[in-house]
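Chemist: Spelled out, the chains give:
4 protein chains.
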Amino acid sequence: MTTPRPFLSDNAAAVHPYVWDAMRAADNADNPYDGDTLSAQLDERFSALFGRECAAVWVATGTAANCLALATMVQPHGGVVCHEEAHIEVDEGGAPGFYLHGAKLMLAGGEGAKLTPQDIAALIDPIRDDVHQVQPHAIAITQASEYGRSYTPGELAVLAEFATARRLGLHMDGARFANAAAFPGGTAQEAARAAAGPVDSLAFGFIKNGGMSAEAVILFDPQQADLVKYRRKRAGHLQCKGRYLAAQILAMLDDDLWLANARHANAAAQEIAAGCGQRLLHPVEANELFVHLTPKEREALRGQDFAFYDWGDDAARFVTAWNTEDADAVALGRAIAAL
Amino acid sequence: MTTPRPFLSDNAAAVHPYVWDAMRAADNADNPYDGDTLSAQLDERFSALFGRECAAVWVATGTAANCLALATMVQPHGGVVCHEEAHIEVDEGGAPGFYLHGAKLMLAGGEGAKLTPQDIAALIDPIRDDVHQVQPHAIAITQASEYGRSYTPGELAVLAEFATARRLGLHMDGARFANAAAFPGGTAQEAARAAAGPVDSLAFGFIKNGGMSAEAVILFDPQQADLVKYRRKRAGHLQCKGRYLAAQILAMLDDDLWLANARHANAAAQEIAAGCGQRLLHPVEANELFVHLTPKEREALRGQDFAFYDWGDDAARFVTAWNTEDADAVALGRAIAAL
Amino acid sequence: MTTPRPFLSDNAAAVHPYVWDAMRAADNADNPYDGDTLSAQLDERFSALFGRECAAVWVATGTAANCLALATMVQPHGGVVCHEEAHIEVDEGGAPGFYLHGAKLMLAGGEGAKLTPQDIAALIDPIRDDVHQVQPHAIAITQASEYGRSYTPGELAVLAEFATARRLGLHMDGARFANAAAFPGGTAQEAARAAAGPVDSLAFGFIKNGGMSAEAVILFDPQQADLVKYRRKRAGHLQCKGRYLAAQILAMLDDDLWLANARHANAAAQEIAAGCGQRLLHPVEANELFVHLTPKEREALRGQDFAFYDWGDDAARFVTAWNTEDADAVALGRAIAAL
Amino acid sequence: MTTPRPFLSDNAAAVHPYVWDAMRAADNADNPYDGDTLSAQLDERFSALFGRECAAVWVATGTAANCLALATMVQPHGGVVCHEEAHIEVDEGGAPGFYLHGAKLMLAGGEGAKLTPQDIAALIDPIRDDVHQVQPHAIAITQASEYGRSYTPGELAVLAEFATARRLGLHMDGARFANAAAFPGGTAQEAARAAAGPVDSLAFGFIKNGGMSAEAVILFDPQQADLVKYRRKRAGHLQCKGRYLAAQILAMLDDDLWLANARHANAAAQEIAAGCGQRLLHPVEANELFVHLTPKEREALRGQDFAFYDWGDDAARFVTAWNTEDADAVALGRAIAAL
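Protein chains in written order, with my numbering: chain A, 1 to 339; chain B, 1001 to 1339; chain C, 2001 to 2339; chain D, 3001 to 3339.
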């Protein structure tokens, strides 16, 4: 039997060797929780990367990262505007309702699972300013979006302006932030700053990009770190051997491994995209492809050992990862082109 | 200046004289909370009315009544299917999120703000049966609906059958239950039983129908009363002079005052409807009318001292109450017809 | 059979006739919820009474009043310092845990169910300033205390100073605030200001003092009113006929009825106290008496038709009310003295 | 400078080499979340170990493990009886309040931080069976206790009998379960079964015993697994590369590594205890020692490079771990004896 050529997701990919090395190197005893020497470096490292002061708090999942960040912005009686296909709405098992103590997700439309001020205004302008209706407290966007689309710096700027005008916090779910940042090119600093724009908080994902179990909650108002740390502990997310999480993140920052890994995945996605032509449902701006494929066509691809998820009845989703084999990507692109 | 002829809402109408009398009669000291002799009669009275054993728990608002009933059916990690225009979604300030500890409202479509098994299935069938997606635990319907529509016994039967098949609880928001029950006619017992159908719980509203501050949570599985009572206390809704709430409810049940009041309001609504013709956006099956009226037409009506709310740009909502003056209803019907 | 002479509690006493009158006078339709003309007067009336600007929000129970006020001070991950015998800890069915989303009650000792800075410091000073331990966010005191003791202006001043120094909010549960205020004498303004001291919020109770179903949440930082109003709605406590609650409160404020009623109850308590001598477990500074009485003595009193609760094995609690008959109080005092 | 000889805690110790090996071996892609082949083995492995059918769910911290287990037993309006020095009360940042949606921890006394039926009855018997007081829903004990004490099978049996009689769930916080199990000796199966007794759920700790980031929630009613899995996801604890957590746990079960590690730590503790004599505050039944030591004596020990925490003013806590050097333990025992 042939090993399947994996395009199911990047979320179960192997851990990058450099990350393994960093974790092993952290094996010596250190202070527990986040009192260790590695965790202590995070604020400074991310502040340098983003070019503005920030606090960085590790946590083991993107779900927790998003919720902890949103808790700095959203009261229990408020709401979070997000896209109706946002991960926090569709695939996080109600975590925002738990972490935000019953706050409401308010669902906007928007092309490519991206939000614009117009989309948001259409949702929230009709809300009466009275206690009978839940008022929005924050906006959450996903970079790259659930359809693999990236927000440009210009788009982020107008969203931030809108959020400020409406007194709403602006959070970015960056489960695939690296892929979004890698898309337009540039140095690590340029890429990170362009992809984050002026958001208030960012869940910077590393797990899908070669890490094992560490994401970073980035708080661009560092004074919010205290709240996040109390809430992290209260949520059972303060690991006593936290140094292994910090080690993962630092390994990803060292030599811009996060960006290199994302570039690799994105390049593989472009390789495949080249074979898709008109089949693409969305422009490929990160490492996900949504491709129109009939059931029969999908069957044919699976017959060639390509593994992937169906996306509704007429399409498939392909995801590349930091360790996608070039040959597999090339083969997939050709196989689709040949259908 | 003329007194306005009020069709804004039934929610601020005066208290019925019999209700006042019953409250005054309850003035003598009795046991506090719900240990009084009046509260003790509720279970039996409602069991007789509905023809099946039930427990009845007073509470001061419909919002609390709905939420306490839903708490018997919905785990914090679950969801409640309701109409996208349901009161619990639109106008209760996020109360379900609070009382259900972050459970999610899952919004279905449906004509006239009513739900059918088809509407619900369209919403919940695509939900993957895995922990990443919130699973529905209950269905909440409104009788009469937010557009003044009533569920028939047949409609309720198929909804209950569907709920049972999907292992979902079935709750009825009956803020205007009396009006829905009065619509098809029959004795009080016939009307109550037909309007409630086989639901698991009912928030039986009295406040809009001549009461002051008492609704009844009806639990057709009386074993759930214990949970509701603990949660009522925990929500600060166990009033120490609860006998005044029980007195209101008993006054409404005595001589079927609840039904007589609702019939009066419904009759006034029909009177108005007779003048609306093709202007009606929804059939009038209770005491609310949604009427197509241009801004200029609305201005004309207000010039004749009719008070009402706009409903979007091209319509108005009129609500009748237990104390609507017949002459006012007649006048309004004629005024609309004359536009 | 003789009617019992009631000293069980003040919480189920009849409603004062002036309150009934005010409620009936509010029967005419007005704006729903708290948009009515009566509710609109509360801020000004209480600001005048207390001599500093405040916002006043009605709510139907003391439990809800306390919790809504505390929600302005306490984050879900924080704690509220209160006496180990405080009503919010012992008798509110876990309501603070619900309203504060899991925040913790932190229990201090203190003579007569009163707190001092020393009591509180003994509790909170050992708390490590780290995320593993819940940090206090507020202090809640009860005026009069659960043992009928009153805080003096001097005691309140040092508590407030302590709270400020520790950056803690200071809330007062005033279920029997009127009785505490009436104790030292003075005009209504003098009494109210002395009894409230410099607290941040007060749950001003009227129900035990002749009202039916209305307490006032007093927020001495009026900017907090918005949060309380959103949370009140979310908790199902925004009654649509709120004018009847406002009417109760205004009736109590008119001609200082709240103070007259409390003085009456306090005087009755002093009458009884005069017969208790060394039997008193606590000084009588409001309208509650805790009296050492053997089971046999209690039996003897009950044989004379006095109704009251046992307090442990060797004592009884007697509570007077606005409508306690002078003759009953005199008779009770003599009966105890004669034991 | 000399390397300190570490007796601060076992919670930051290095990861055992076999655990590292198992994690690396899990590097190949597998199904995400807990759909992998390793996670699939847990139920069977633990059922065999404990000799009764159970479900096992991995999670990254003991805090989350305890809370998720308790959520199967405790309604939001209920309470959990635990020792007043229990970790869930003192050191989990209010996590139970969060996970249990405001449920209350009810604090009992008990020698050595252990609970007996008598301790619990003294706490809960005075609770009135009414809605004003929070009712207990479960008991949580810690094995080994916060003072390093172990429950015997006999003690567990009477606790379970008591819990059943009172209709309370019985949960065991087993952060150092392995150390408690290792104390009396026996095979792995004998030790595990004796140490768990008939509890309903167990948070089986591996992190302090050589793991990195995986504890197991053991549910002896496997039907509760579903609830725990939904709640785990909702709490952001369902890691997408869950196979690395399962790998850690399986490595600990293989060849009874968990027991061997615990025996090593316990033996080191006994070695130290041998030098403590009358200084011991508690019998040493696991891997923690609480030793009477004056400030001067502690200074002397620190001068010899022993690292440990003060325990109040007159004592110190020493914790051994799976990797404690025998020579260090011997040296510490001698150093204390020589004071």
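The set of hints was computed from the structure by calculation and includes no laboratory data.
Remember, it's a predicted structure, so these values are computed and weren't measured experimentally.
Heads up, a few of these hints could be off.
[To be verified] Distance ranges between label pairs, derived from CB positions:
id, chain 1, residue 1, chain 2, residue 2, range
1, C, D2305, D, Q3223, 27 to 35 angstroms
2, B, G1186, A, A122, 30 to 38 angstroms
3, D, L3227, C, G2051, 50 to 58 angstroms
[Claimed, not checked] With the C-beta cut set under 10 angstroms, the calculated list includes, among others, these residues of chain B facing chain D:
id, residue
4, A1025
5, N1028
6, A1029
7, D1030
8, Y1033
9, T1037
10, Q1041
11, I1127
12, V1134
13, L1238
In this text, a Cβ means the ideal position worked out from N, Cα and C, and glycines have one as well.
Chemist: Now tell me if each hint is right for this structure.
Modeler: We went through each hint and held it up to the structure:
1. Checking the proposed 27 to 35 angstroms range against D2305(C) and Q3223(D) shows it is violated: the Cβ atoms sit about 56 angstroms from each other.
2. Range check, G1186(B) to A122(A): Cβ separation about 45 angstroms, and the 30 to 38 angstroms hint is violated.
3. Range check, L3227(D) to G2051(C): about 54 angstroms between beta-carbon atoms, so the 50 to 58 angstroms window is met.
4. The interface hint given for A1025(B) is violated, since its Cβ lies 26 angstroms from the closest Cβ of chain D, which is over the 10 angstroms cut-off.
5. At its closest, the beta carbon of N1028(B) sits 23 angstroms from a beta carbon of chain D; the interface hint therefore is violated under the 10 angstroms criterion.
6. The beta carbon of A1029(B) comes no nearer than 19 angstroms to any beta carbon in chain D, farther than 10 angstroms, and the hint placing it at the interface is violated.
7. Restraint check, D1030(B) versus chain D: the minimum CB separation of about 17 angstroms is more than 10 angstroms; hint violated.
8. Contact between Y1033(B) and chain D, as hinted, is supported at the beta carbon level, the nearest pair being about 8 angstroms apart and thus within 10 angstroms.
9. Of the supplied interface hints, the one on T1037(B) is violated, with its beta-carbon coming no nearer than about 18 angstroms to a beta-carbon of chain D, more than 10 angstroms.
10. For the restraint placing Q1041(B) at the interface with chain D, the shortest Cβ-Cβ distance is roughly 19 angstroms, beyond the 10 angstroms limit, so the hint is violated.
11. Because the closest C-beta pair between I1127(B) and chain D is about 13 angstroms apart, greater than 10 angstroms, the hint is violated.
12. Taking 10 angstroms as the C-beta cut-off, the interface hint given for V1134(B) holds, the closest approach to chain D being about 8 angstroms.
13. The closest approach between the C-beta of L1238(B) and any C-beta of chain D is roughly 7 angstroms, which is under the 10 angstroms cut-off, so the hint is satisfied.
The earlier numbered hints that this structure contradicts are 1, 2, 4, 5, 6, 7, 9, 10 and 11.
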